[in-house]
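Here is what each chain is made of, one letter per residue.
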Amino acid sequence: DAGITQSPRYKITETGRQVTLMCHQTWSHSYMFWYRQDLGHGLRLIYYSAAADITDKGEVPDGYVVSRSKTENFPLTLESATRSQTSVYFCASGETNTGELFFGEGSRLTVL
Amino acid sequence: GQQVMQIPQYQHVQEGEDFTTYCNSSTTLSNIQWYKQRPGGHPVFLIQLVKSGEVKKQKRLTFQFGEAKKNSSLHITATQTTDVGTYFCAFSGDNFNKFYFGSGTKLNVKP
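Quick note, the sequences are listed as chains A and B, same order. Under the numbering used here, the residues of the first sequence are numbered 1 to 112, in order. Under the numbering used here, the residues of the second sequence are numbered 113 to 223, in order.
In isolation and in its complexed conformation, chain A is listed as follows:
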């Protein structure tokens, strides 16, 4: 089925470990985004990508790395996880001139 899927949905890790959150979309949307959601902060943009091999920083990029070798995939890596990166992470995609972003179900990450 067409859609946007994130994995894993839940992850518990320890401080200093590397974690990769996966995002896959089947619509061939040009744009993909990563947001984190924390209580009181709404959704904050981490990184976005306008096309394969084109990525750019959002509001809170520090501590995160992204890549986009294929249009359909946009993984987010925390190279050395910290407790402050405990959050719910949402991936989204869209053809942005409509303003409509399609969000995945989210990945809840806990860093101990």
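Don't read these hints as lab results, they were simulated from the structure. Just so it is clear, CB atoms sit at the ideal spot from N, CA and C, and this is done for glycine as well. Check the hints yourself; a few may be wrong.
Derived CB-CB ranges, DEER-like [what the hints assert, rightly or not]:
1) Gly-205(B) x Pro-8(A): 41 to 47 Å
2) Leu-112(A) x Asp-206(B): 40 to 46 Å
3) Pro-61(A) x Thr-194(B): 32 to 38 Å
4) Asp-56(A) x Asn-220(B): 33 to 39 Å
5) Val-65(A) x Glu-127(B): 43 to 49 Å
6) Glu-179(B) x Trp-27(A): 33 to 39 Å
7) Asn-209(B) x Arg-9(A): 25 to 31 Å
8) Thr-5(A) x Val-196(B): 23 to 29 Å
9) Thr-26(A) x Asn-220(B): 31 to 37 Å
10) Pro-151(B) x Thr-20(A): 25 to 31 Å
11) Asp-56(A) x Gln-126(B): 41 to 47 Å
Guided by the hints, dock chain B onto chain A, whose structure is given.
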């Protein structure tokens, strides 16, 4: 950078009452979007406004974009328990590449 202030942060209403959330910017916005996130769910797009003074309706929901394009509102008439969730405004620059979200208004509806 550009930011929007969304108020109120929380709203508790009795079923059947009206509800309004506001999004205010200190600078002119090119566009504004509204999203709804149900508890435990993900944000779902509701609408986009791009024109000064624009008003759009979706059943009991009315969306407005201010004349100066610095503020927007979402009004729900006669709330229902299905309206429960957090409502976010969002905006992007002229080229629709980055989308920034407000902090959201959490709506609770008592039956």
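Hints, verified against the model:
| no. | hint | in the structure |
| --- | --- | --- |
| 1 | Gly-205(B) x Pro-8(A): 41 to 47 Å | violated (33 Å) |
| 2 | Leu-112(A) x Asp-206(B): 40 to 46 Å | holds (43 Å) |
| 3 | Pro-61(A) x Thr-194(B): 32 to 38 Å | holds (37 Å) |
| 4 | Asp-56(A) x Asn-220(B): 33 to 39 Å | holds (37 Å) |
| 5 | Val-65(A) x Glu-127(B): 43 to 49 Å | holds (47 Å) |
| 6 | Glu-179(B) x Trp-27(A): 33 to 39 Å | holds (35 Å) |
| 7 | Asn-209(B) x Arg-9(A): 25 to 31 Å | holds (28 Å) |
| 8 | Thr-5(A) x Val-196(B): 23 to 29 Å | holds (26 Å) |
| 9 | Thr-26(A) x Asn-220(B): 31 to 37 Å | holds (35 Å) |
| 10 | Pro-151(B) x Thr-20(A): 25 to 31 Å | holds (28 Å) |
| 11 | Asp-56(A) x Gln-126(B): 41 to 47 Å | holds (45 Å) |
The structure does not agree with numbered hint 1 stated previously, though it agrees with all others.
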